[in-house]
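Now for the letters of each chain:
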Amino acid sequence: EDKVVQSPLSLVVHEGDTVTLNCSYEVTNFRSLLWYKQEKKAPTFLFMLTSSGIEKKSGRLSSILDKKELFSILNITATQTGDSAIYLCAVRPNNDMRFGAGTRLTVKP
Amino acid sequence: NAGVMQNPRHLVRRRGQEARLRCSPMKGHSHVYWYRQLPEEGLKFMVYLQKENIIDESGMPKERFSAEFPKEGPSILRIQQVVRGDSAAYFCASSPGQGPLGEQFFGPGTRLTVL
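So the protein sequences, as listed, match chains L and F. Residue 8 is where the first sequence starts when you use our numbering, and the numbers rise one by one after that. Residue 101 is where the second sequence starts when you use our numbering, and the numbers rise one by one after that.
Check each hint, because a few of them may be wrong.
Some chain F residues near chain L, calculated using beta-carbon distances under 10 angstroms [unchecked claim]:
{"hint": "1", "residue": "Q106"}
{"hint": "2", "residue": "Y133"}
{"hint": "3", "residue": "M146"}
{"hint": "4", "residue": "S158"}
{"hint": "5", "residue": "F165"}
{"hint": "6", "residue": "E168"}
{"hint": "7", "residue": "V183"}
{"hint": "8", "residue": "D186"}
{"hint": "9", "residue": "F191"}
{"hint": "10", "residue": "A193"}
{"hint": "11", "residue": "P196"}
{"hint": "12", "residue": "Q204"}
{"hint": "13", "residue": "F205"}
{"hint": "14", "residue": "P208"}
In silico lysine-lysine, DSSO-like type, Cα no more than 30 angstroms apart, as pairs [to be verified]:
{"hint": "15", "chain 1": "L", "residue 1": "K47", "chain 2": "F", "residue 2": "K144"}
{"hint": "16", "chain 1": "F", "residue 1": "K151", "chain 2": "L", "residue 2": "K44"}
{"hint": "17", "chain 1": "L", "residue 1": "K47", "chain 2": "L", "residue 2": "K63"}
Keep in mind the hints are simulated off the structure, nothing from the lab. From the three backbone atoms N, C-alpha and C, an ideal C-beta is built for every residue, glycine too.
Sequences and hints are given; from them, build the entire structure.
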């Protein structure tokens with residue numbers, strides 16, 4: 008059975024801290040891994056990763072995939088209160104996406 | 101270019117009633133996906149449709165739930181004889197084409213509450 012496991016489930020930090028969110032997966036037919044940020048409504052797309060070892064970067068966020076060890080990390084540096092959200096990891100085996108339970112990040116001022 | 105649209109945004113039903121959730125994909129997108137998010141849980145895939153075809157419904161409950169994406173009009177997720185356990189946020193996503201590498205764009209969701 009396909010499985011996507013995120014850790015930690017929740018995290019509380021202070022502004023300026025750096026955080027690392029983890030996503031490990033077991034799927035029968037891996038194609039891509041995606042990270043989403045979900046605030047009060049729809050998830051918004053952050054990154055899509057298909058190749059191992061290539062870091063994707065967008066401002067203070069970055070992500071990397073390790074297809075040998077079957078995991079990905081999402082880093083956020085110099086966190087701000089606006090980063091508070093649920094961060095979802097999803098793996099696309101084929102037509103659909105398998106989501107992890109998410110990491111709830113709270114950034115305190 | 102409007103994003104994925106869902107309506108209603110909030111829906112309240114009593115046990116035993118029917119719920120109809122609508123999703124209009126982004127312009128030019130012909131692939132629609134439905135997900136359910138239960139409180140404190142991640143998103144769970146329900147069904148993947150193209151126009152007039154159900155491609156993958158492996159995540160749909162076997163009873164009471166159905167989905168369609170007609171040639172004209174929005175995709176509809178229909179829940180018959182709702183129960184309290186159906187209370188959740190239902191998200192629709194669309195993508196421009198088939199293929200595992202494409203990202204999906206999410207709508208704002210419909211929050212269903214069953215009294």
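Evaluation of the provided hints:
A least Cβ separation of about 9 angstroms between Q106(F) and chain L falls short of the 10 angstroms threshold, and the interface hint therefore holds. Because the smallest distance between the Cβ of Y133(F) and any Cβ of chain L comes to about 7 angstroms, under 10 angstroms, the interface hint for this residue holds. Checking M146(F) against chain L: minimum C-beta separation of about 9 angstroms stays under 10 angstroms; hint holds. For S158(F), the interface hint holds, since its Cβ comes within 10 angstroms of a Cβ in chain L; the closest pair sits about 8 angstroms apart.
Because the smallest distance between the Cβ of F165(F) and any Cβ of chain L comes to about 16 angstroms, over 10 angstroms, the interface hint for this residue is violated. A least Cβ separation of about 17 angstroms between E168(F) and chain L goes past the 10 angstroms threshold, and the interface hint is therefore violated. For V183(F), the interface hint is violated, since its Cβ never comes within 10 angstroms of a Cβ in chain L; the closest pair sits about 23 angstroms apart. With a least beta-carbon distance of about 19 angstroms to chain L, the hint placing D186(F) at the interface is violated under the 10 angstroms criterion.
Below 10 angstroms, beta-carbon pairs count as interface contacts, and F191(F) has one with chain L at about 6 angstroms; its hint therefore holds. At about 8 angstroms, the closest approach between the beta carbon of A193(F) and any beta carbon in chain L falls short of 10 angstroms, and the interface hint on this residue holds. For P196(F), the interface hint is violated, since its Cβ never comes within 10 angstroms of a Cβ in chain L; the closest pair sits about 14 angstroms apart. With a least beta-carbon distance of about 7 angstroms to chain L, the hint placing Q204(F) at the interface is held under the 10 angstroms criterion.
Hint on F205(F) holds. Least Cβ distance to chain L is approximately 7 angstroms, under the 10 angstroms limit. Of the supplied interface hints, the one on P208(F) holds, with its beta-carbon coming within about 5 angstroms of a beta-carbon of chain L, less than 10 angstroms. A threshold of 30 angstroms between alpha carbons decides the hint, and for K47(L) with K144(F) the separation of about 17 angstroms falls inside it, so the pair holds. The suggested pairing of K151(F) with K44(L) holds, with an alpha-carbon distance near 29 angstroms, which does not exceed 30 angstroms.
Restraint check: the Cα-Cα separation between K47(L) and K63(L) comes to about 25 angstroms, which is no more than 30 angstroms; the hinted pair holds.
Of the numbered hints stated above, those contradicted by the structure are hints 5, 6, 7, 8 and 11, listed in ascending order.
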